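Undergrad: Chains as they are written, first to last, in our numbering: chain H, 472 to 1026; chain S, 472 to 1026.
Since the hints were made in silico from the structure, they are not lab data.
Errors might be hidden in some of the hints.
Since the list gives no way to pick one copy over another, a pair counts as held whenever it fits inside one copy or between any two copies.
[As the list claims (entries may be wrong)] Each computed DSBU-like pair below joins lysine-lysine, with the alpha-carbon atoms no more than 35 Å apart:
id, residue 1, residue 2
1, 948, 962
2, 962, 737
3, 514, 705
4, 676, 962
Here the structure is a predicted model, which means the values were calculated and not measured.
Number of protein chains: 2
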Amino acid sequence: MIMRNIKIILACFLCGNTILATAQQAIQHDAEHYVLLSQHEDKWTAEDQEIDDKLKKIQDENDGKKPNIIYILIDDVGFGEFGNPLLNDVRGYKTPAINKFATESMSFSRMYSEPSCTPTRAAFLTGRLPVRSHMLEPKIVPPEGTGLSKDEVTIAEVLSQAGYNTVHVGKWHQGDIEQSYPHNQGFDETSFTMHNQATFSFMTKESEADRWPYNISHTIDQHPYILDANFRPKDWVLALDAKKGEQAKEWGIKPGEDLTYDYYYKMNEHQYEIAMAHLKRLAKEDEPFFLNYWPQYPIDFSRADNLQITDNGGSWVARMQELDGWIGELLDEVENLGIAENTVIVIMGDNGPMVQALGSSGYTDMIYRGYKGETTEGGIRVSAFIRWPKSIEAGSLVGDMIHVSDLYTSFARIAGATDFIPKDRIVDGVDQTALFMNGDGHGRRDYLHMYNGPNLAATIKQQFKVHWPAPGTAAFKLPIYNLYRDPREEKPLNVEGMWTVGYFEEMIDRHMAFKKKFPNREETEGKPYEGISNLRPETVKFVDSYLERKKLLEE
Amino acid sequence: MIMRNIKIILACFLCGNTILATAQQAIQHDAEHYVLLSQHEDKWTAEDQEIDDKLKKIQDENDGKKPNIIYILIDDVGFGEFGNPLLNDVRGYKTPAINKFATESMSFSRMYSEPSCTPTRAAFLTGRLPVRSHMLEPKIVPPEGTGLSKDEVTIAEVLSQAGYNTVHVGKWHQGDIEQSYPHNQGFDETSFTMHNQATFSFMTKESEADRWPYNISHTIDQHPYILDANFRPKDWVLALDAKKGEQAKEWGIKPGEDLTYDYYYKMNEHQYEIAMAHLKRLAKEDEPFFLNYWPQYPIDFSRADNLQITDNGGSWVARMQELDGWIGELLDEVENLGIAENTVIVIMGDNGPMVQALGSSGYTDMIYRGYKGETTEGGIRVSAFIRWPKSIEAGSLVGDMIHVSDLYTSFARIAGATDFIPKDRIVDGVDQTALFMNGDGHGRRDYLHMYNGPNLAATIKQQFKVHWPAPGTAAFKLPIYNLYRDPREEKPLNVEGMWTVGYFEEMIDRHMAFKKKFPNREETEGKPYEGISNLRPETVKFVDSYLERKKLLEE
C-alpha cells in the first residue's frame, strides 16, 4: 500500500506535475517527504488545521500582530557546548544566559546543520540544501567573486512580503558580489561581514607577534625569492553597513590603515550594539520584525587578555562566555521591551568546532566525533533551542530530526508567509511547526541527505547513517552506523546493518530523480566588491590584481 | 610560605608523629591533603564549625534522629548515561526517574570512581584507595580464594557504631572468603552476590544458544583432546542471603540444578524486592539506617525480549531503563514512608562502560574516552547525584573534584560517626560535607592518585592529568593532558605542559613517603565459600578441585 502510494507520487512527479498540483499551488519538497506524506497525510492534515487555529488565536491575542522572529546563529561551536550546565562543566566554562534560555525553550537533540558556515547559512536563508543554490564552502580567502544568486528567494524576502521588517547583523558569508549582499537579498537594514573572520585574524600584523602565521610578514616581499607580491592577500573588506536600495559602506577603517585585532574586537562590539539598537527600534514599529544576529565571536585567534575568565583558558571559549553575556543582555532587552511573549527566538550553532584551531580555541569535538567540514555528527549536529512563551513548552526536549532548512519553512508558516515560498524549485525544509507546538514525536523528518561541498557524503534515516563510499563499492560493504549505539561513528555495523542497504540506495535514486527535474544552480559569479561607496584605493588595487589574474582563465 | 608549611608537615610526619597528634586523634590522610590544609586551614575550620551547627540543627528538627543514608551504585554505566535528558537522547533511551532525582539533587560533574567494580566498591567501603586494602580487580572467575580483610573498617562498621541499622543488597564483589562477606563486614542483613555477574551470563547453557561463548559447551568435555574437565568453571555460588552472626545461605537454587538466565532475572527481581522490603522495615525502626542497593542490572548478556523498549535496542540499555523504573519506585517509597526529608540519597555509577560488551550492550564511551579497566576519564568519571531535601540545594551542580572514597568520610560526618573512623591507617577519603551543604567551590580535593590494579597509572591535579609512563621516561616527555580542553585525552600537551612536571613528581614523592610509613595490606587469602550453610555437593566438588590445584603452589 505504502509502496503503491510512493509509486503514484513518483509517477505523478516524473510525468511533470508537481505533487498536489490539482489541489493548490504547493511547496515542492524532495522525494523522501512524499514517502512520509503517503503514510501520515491524514494525521498531518488534521494537525495542520489545529496548528492554523492556534496560530490565528495567538495572533488575535496580540492585537493582530504577527510574532517577531529573532535568529541567533553561533559560529563553529560544537554540540553540547552551550545550554547544558553539565557539559559546561566538562569544558570548564559557563554559558548561564543560554542555559537559562534553554530552560525556557524547547531543546533539540537532533538539529542538523550543514558541515560549514556558508552552506548552513545558505540552507537557512533559502530553505534548500546548499548544493542546490551552489552555496558550497567558498574560497576561504577574499576576493571570492561569487555569492548567493539574486534568484534565490531568501527567508528575508519571504517574510518581507508578509509585512515584516527585516534586519541582518553579523557574519553573512554569502559571497562578495553585489547581488549577494544581505540588503540585496531581502533585508531592510544590515551590518555585515562578507568573508570568514578566521582568515582575517591570521593576516594582521599583530598575529605575527602572536606567532600564528609564519612567512606572511608584511615585509617579507622584500625577500629575494618573492617575485609575486600578491600571493599574500591584504587590504580586503571585512565589515559593511547598508540599507536596502542603497550602496554599502565599509565600516571603521580609512584608506592607508591596516586591519588589526583591535578592529576585530571593535567590529564585534559594533555589531552587538547595532543588533541591540535595531532590537529597540524594531520593537516599537507597527510591523512584526525578523532579526538575524549572527555574531563573529567566539572566533578569535588573538592572544586577548580575557583568556583567564574561564577555567578552560581557550580563546574561543573565553569569547563564547563573553558572547553568552551579550546574548543575555539581548534577551533581557526583549523582556524589558515587553515583546517576549510575541517573539519566537531560536539560538543555535552553525556547525561543529573548527579543527584548525584546536589548541588555542579550547574546543575539541566532545560527544559526537568530527569537526567543521566533516559530515560525521560532530561536524553537523548542533545545539539548538527555540523559545516562544505560551506557545512552545518551556523546558521540553525533542529527539525528532530537524534540519536548519526546516526553519525557513517553519518561520514562514509561523509568520503566515507560506504563500511566498517559491513553488518552482525544490524546498528541502519541511514545516516543523507541529513539532514546535505539539512536542516530541511530532516531527516530520526522519531522513537527511548530507552533502559536503558538491558531493553527497552521507544519508541519514532514523538512527541509521551511511557514509557513502567511493562509487563502485559493493553494496554489502556500505559503512552503516547506528547513531544511538555508536554516537562517535567509529564502529560500522557489519552484517547487522545489511538490511538497510536496499532502502538507502532507493533513497539516492529518488533524490537524484528529483534533482534531474530540478537541477542545481550553476555557480553565480561577478566582480567582487561592487556597490560599496567608500572602497579604499588599496582595496581597488587588491581587486584589480585579482581581476587581472582572472583574465588568464579566458585566454 | 606554602612550601615551608608543607615541609613542616612532612617533617612532623616523617619523624613519626601523625599530623595534629598534639591536638586530638585525627584522621590520617594522604600527603596532598596537608598541602591543601596548610593553605585553607582557617577557612575550613570555620566552615566545619558552621557545618556542625547545621548538622545539629537538622538532627534537632528530626526529633534527634540522625539522617538515613541510601547509596545506590549502578554497574558499568558511563558518565552522562543517566540523569541528563539531552544525553539520554544522544543514546536513545530514557531514565526519567533518575533525571527527576537529579533535578532534586546536587549533581557532580567530577565524581571519580576507581577503574572497576571491586576497587570502586572497596574504596567506598573503606574510604581508602583500593591498593591499600589490596582490593584490586580480582580474578574475574570464581573461585577467588581472596577478599576484603576483616581488619579493614567498613563504612557499615563505622555507621553501626554510631547506632545505624545497616543493610546491603546486591552486587558485593569483595571476595568469596568468609571474612569478606557483607554480614561479616558490618552489615546487619544482606542479600548479595560474591562474584561479577558478567561471567555468569557467559557460562549458562542458554548463552551458548545466544552465540555468546564458543567451545564452552557443557558436553564439550567429551571431545577427545579435552583432558582437564575443570578448565571450564561451573557450579559456583552467585547469590546469598545472610544476617550478621549467622551463616550465609545460597539463594534460589537446589543441588543438581543449573544456573540459567532465568535465575539471573529472578535474582535481580529478588534483590530489588528485598531492597524494597528492607526500606519499608528500616523506615519504621527507631534507629537511623544505612541501605546499600547495588543492583546487578543493567548487566545482561541474554537476548531478553525487552530489548525493543528503547530506541537504542541494546541489552544493557534496556535493563538500565528497567532499573530506572525500579529506582523510581524505591524513591517513591521513600516519599510514601515520609522519610524523604531526613534521608540522604546518593545515586552514582561505579566505573565506565564495559568495552567487552560494546555491540550487545548498546553502550560505548560517550564524552570521555575509555572504558572500565582504563584510567582515562571514560573509565573513572561517573555520573553522581546526592539528594538531601532542605540541606543540599536541589538542581545544583558542582564542578569540584570528588572521589568515591570521600563518601566514606562524608557519610560518617553526616551520621556523627567520624570518631569511629580508624586513625591507625591512611584514609584517602576527605570530608566533602562542606561541598554538599555549601555548594560549588567548597570542595576539599583538587588532586587524585589513580591506580590501575597495583600500579599508579595517573595523577590528576586540578584540570591537569599525567598518564604515568614507564619508569625511566624523561621528565620532559611526561604525557600531560588538560581535561577541559581535551576531555578525551587524545592530545598530550607538549611544551605547554612542562611546567607541571616538577610538581607532579613531588606529588609522587610525597605519596610514596606516606606509603612507606603506612604500607599497603598484603592480599587476604582463604578457603572459598566457607560459612555457607547449604553449599551444593557440586559446589563442594568445584571448590575441592580448585584447592587441589592450589596445593601445587606449595610443593
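Undergrad: Does each hint fit the structure? Answer for all of them.
TA: Hints, verified against the model:
1. For the identical chains of this complex, residue 948 and residue 962 are neighbours both inside a copy (13 Å) and across copies (32 Å), given an alpha-carbon limit of 35 Å.
2. In this homomeric assembly, residue 962 and residue 737 come within 35 Å of each other (Cα to Cα) only across copies, at 34 Å, whereas the closest approach inside a single copy is 46 Å.
3. Neither within a single protomer nor between protomers do residue 514 and residue 705 lie at most 35 Å apart by alpha-carbon distance, with minima of 57 Å and 56 Å respectively.
4. With identical chains, the CA atoms of residue 676 and residue 962 are at most 35 Å apart between copies only, with a shortest distance of 29 Å across copies and 45 Å within one.
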